[in-house]
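Take each chain as given, in its own frame, and dock them per the hints.
Listed in order, the protein sequences are those of chains A and B. The opening position of the first sequence corresponds to residue 9 in my numbering, with each subsequent residue numbered one higher. The opening position of the second sequence corresponds to residue 963 in my numbering, with each subsequent residue numbered one higher.
Source of the hints: derived by calculation from the structure; they are not laboratory data. A hint or two may mislead.
Claimed, not checked - Think about it this way: if two alpha-carbon atoms lie no more than 25 Å apart in a straight line, the pair counts; the simulated BS3-like pairs of lysine-lysine are: (1) B:1149 to B:972; (2) A:79 to B:1186; (3) A:129 to B:1272; (4) B:972 to A:134; (5) A:134 to B:1186; (6) A:129 to B:1149; (7) A:139 to A:204; (8) B:1186 to A:78; (9) A:114 to B:1186; (10) B:1186 to A:120.
To be verified - Reference excerpt, derived from the structure (chain B facing chain A, CB under 7 Å, subset only): (11) 1194; (12) 1197; (13) 1198.
Every residue gets a Cβ at the ideal spot worked out from N, C-alpha and C, and that includes glycine.
Listed below are the residues making up each chain.
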Amino acid sequence: MGILEVQNVSKRFGGLQALDDVNLSVEEGTIHAIIGPNGAGKSTLLNCFVGRLLPDAGTVLFQGNSLLGKKPHEINQMGVSRVFQTPEIFTDLTILENVMIPTFAKRDGAFKFNPFGRVLKEVEIKEHAEKLLHDVGLQDSLTEPASAMSRGNKRRLELAMCLSQEPKLLLLDEPTAGMARADTNATIDLLKEIGKSHDVTLVIIEHDMHVVFSLADKISVLAQGTVIVEDLPENIKGNPKVKEAYLGETDDG
Amino acid sequence: MFEKLKNNDKLIMLGFTIMVFAGPIILAPFGAGYPDLLQRFAIFGIFAIGFNILFGLTGYLSFGHAAFLGIGSYSAMWMFKLLTMNVIPALILSVIVSGLFSVVIGYMSLRRSGIYFSILTLAFAQMSYNLAYSVFTPITNGETGLQLRLQDARILDAVNTSGSLPSPMLFGLKLNATNVVEMFGMKLQFNWGFYFCAIILIAAFYVSLRIFRSPFGLMLRAVKTNQNRLNYTGINTRPYTLGAFVISGMYAGLAGALLVCTDPLAGPERMQWTASGEVVLMTILGGVGTLIGPVIGAGVIKYSENIFSKINDKVLEGYFAMMPESISDFLVFIVSPFVGSGWHLTLGLTFMLVVTFLPGGLVEGATRIFDWLGSIGKKTKSAKPGGNTEAAE
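For reference, chain B alone in the conformation it holds in the complex (with noise of 0.2 Å):
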């Protein structure tokens, strides 16, 4: 029943997008459901998908894919600041903006492939993020970050009045307005930034879809399996994973570009190599390769840089309270390098796990679990025959 849905391309868009909709009533337990951090998981996720489409496909491991956030969160802001706050021409500047950078980039990252071409993907995240921080200054506002101002010339929009800064919308719909809703006991807040942001993570999502089972994708993955192969078959390999590259890099700046939708702020660190790490921790960990693993990694690592980093000692306490006081400190005194500011640690430690025990990502984890369920189900009926394994060599 797995294997049916997983190539049942209707079921999966259906699935995802209830899951996605639902997402501030499905997290609200676990203490996510609050607008700012499910904007992340829904920008992060497309960080993250489109990354996955170059590495988890043609297997080139970008390490300057930050780069690419961090110019449409710029590219955005400037739409904010020149034209209008409306959301719609950030988004297309930043997508075309990105997608030249990432053409400029990856047609000179390319010549090279396995861990040159990384290096000199990560050389250009890091000269980006020095150029934004220093020498381009007067476009990027250096440390302090590019920020909203009252006299901005925002051509298309009225005349500001209010005196207060004036925030991102969608054709008048202020994004970061939120209703607040009391159901099953708890209270939930949806959020106009979210199912903005969802909305596109669903299409980006289907995006990505649609090329894993084109020839185009196709040809990716057959890129990752055996270029050399690939080569002498035929094809021009370069275009395809320069178109790889591109794609995974606008992806990279409509993601910067919603950042700056739901907080309109673009400092140079959004640049800075950790964040280019970052998203390649979400995509081995959620699943290299699977259409829906990025996402998951994505949420993971968000939820526990938010809610591991929250807990601090007297949280800590409190969960131990009921405990005698020595048992409590104890556990206290062992448990807070994980939390806290050591949420790196735990991050660190399930990433070692999911690598050794599960190649796969979180997927191939689910996956074993479905195929384990599967099994006990068979085992009722009678054993199956024998399959004839031919020897290899």
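Here chain A stands alone, though its shape is the one from the complex (with noise of 0.2 Å):
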């Protein structure tokens, strides 16, 4: 059984079906990437993977536990971390702060009561946070505050706070949008390194092929809210079904 078992999952807003019976599993320690035409449910689907959306039937475990129900913040300290597509950061606190506020709660929990503690004085938390900084290349700007950064350093931040909780399961929603070709390659390079030195699965949604191709152990393709085709990649480049569902589309990546 993989780390993430996705079974006959429907999600329906008013008249449109968004999700229909979507059935997917996810292996320990592989990069799984889920695609798809533009609607076709992909954002629906991580949402309810981390407890903003309640399927309207279906279960979705992690480790063999259901997620279903659950807080936003309870399945945070299960194992499992998402990225944004719009990226979510701390934008009035530095960009150390910003990755020391995750490193928190991985050590102390969902809440501690600790008003006289020192943030200063916390020197671990400091240097994890100091750590994953120099990993994604932000080493140079710590007391910087994080509203002052480009897009693209954004996505980088918010990686290092995903990676600093050492996630067992982390969840990218569309890590690459709306950057440029060099810095795509840098993230694909990141997210490798990441799959390889970390101890963590990763489920990336993505419309850049590129990104995707190099990318993932398996890809899981979404049209209409429903999965069409799941599948090694070498295998999905020619499958017939993945370009139908494609077709009329164009490459937006």
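Next up, the structure:
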């Protein structure tokens, strides 16, 4: 059984069947890509994993435990982190503080009342955060406010925030959207590195086929709310069903 | 140099302590050196510091904090009436009771955020005000307000034979006692009540400083900037915001208790929405989310309330006496709407100017002046190499 098991998940928004009986299995330690044309239900599916949406039917199991009905912070504490499509960071805080917060969350749990602690004396937390910022290449501007960063750097920061928690499962929602080609390639290398060096399973939603085929160990193709194919990358390219799903769609990556 | 000073906690505490203790001397030339006003500076400073822990750090804008001020006052009065005129039990009980109330009100109000949270807290405070005004008359003595009486129990105190009402004291030290000293050509008034409030203000400021620097405070600031991200980062934000709410409620209760320690009378108007609005003004005027801002804001508002409101047409005529009568009459005509009972107009205009031009409050104004002075100092040296600004988007 995989680290993430999605069984018969359905979700309807009014008249729109966003997800229709989705089945998916993610093997531990792999990079699993979910692709599909616009409106196929990829982000809806991801929202069902992290507690943002509750499916109408079906189950989502993480390491054998159901994620349904759990709050976002509970799911995160189980070891699931998410990088959002538009970077979600703490813009008013410094870059270092941005990474220290998830590190605190990892060490202290969902709540710890310590109004007389000192952030400055938390040397281990600070060093851990600095190391991760170094890993993603943001070591030069630790005390700058996060709001002043470029979008690409905000994505890297968010990635460092998620990695600082040493998640078992990392969900990435279009990690290279809006990036220049050079940045995209740097991100691919970074994600490859993460997949190897950290003990983490990656689930990536991506439009950019270049990214998908350079990273994924396995690909699921989502179309009209259902998984039409789940296969190895080399078998996806020639699959007639996939071609049909993308017909009339242009690759906007 | 200013940056260094801003981050050195020991220097901040030292500077703050000196400024507060020297208050009667520093403020005497401004006509604010009398005990009643000095006490108000300290007490409303505490109130605003506590409010800033909630509003400044988490961004949750409560419009009902006066409820806790009133609850603190009533609790302290009952301690005076039943137990003893010593202020210590009164302070302890008021902090506990206002803490309990803020747990309940906070738990319910924090289920919503933004404007809905503000409206909920406002509703709870107005409810408390109306209850104190009417339904709870046996406890609050309604419209008249809760007062000391000769026949009160005061089981710990010796039987009162003097025939006059006792006054609040600290282990026998009467808080309304004032030593008047002639110094620097001024009449300086050193009042025990003020120094008692001042010590608590300094302690309250220190606690607030520690909260600002703690991981708890970091989480509260994270709530303000992106609560959604914090939830997806594995943090349960509800207990953090409730913690901040309760702490600020306890600060308000403490301030309420100090109000009756210096003037033993508690009325329901203390809980009215105008009082809740006042602490919001204080915090924003001084600087939201800054350490010292709320204290400055409280000082400025209480100063104008007490000084501007006492200026009437007679006083103004005195100011302009050396001018010809027609000009003096004209100036009095122009200025008089802004003073006396119209001091709110001055406050409102000041507030508008500050919010428009200095969103960070008076503290931002001071920071800009320091930066400007610093840049003048730097210009004399060689020009700085241009920073490599990264294009955002």
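Query raised in the report: Honestly, which of those hints from before does the structure not fit?
Result: Result: hints 1, 3, 6 break, sorted rising.
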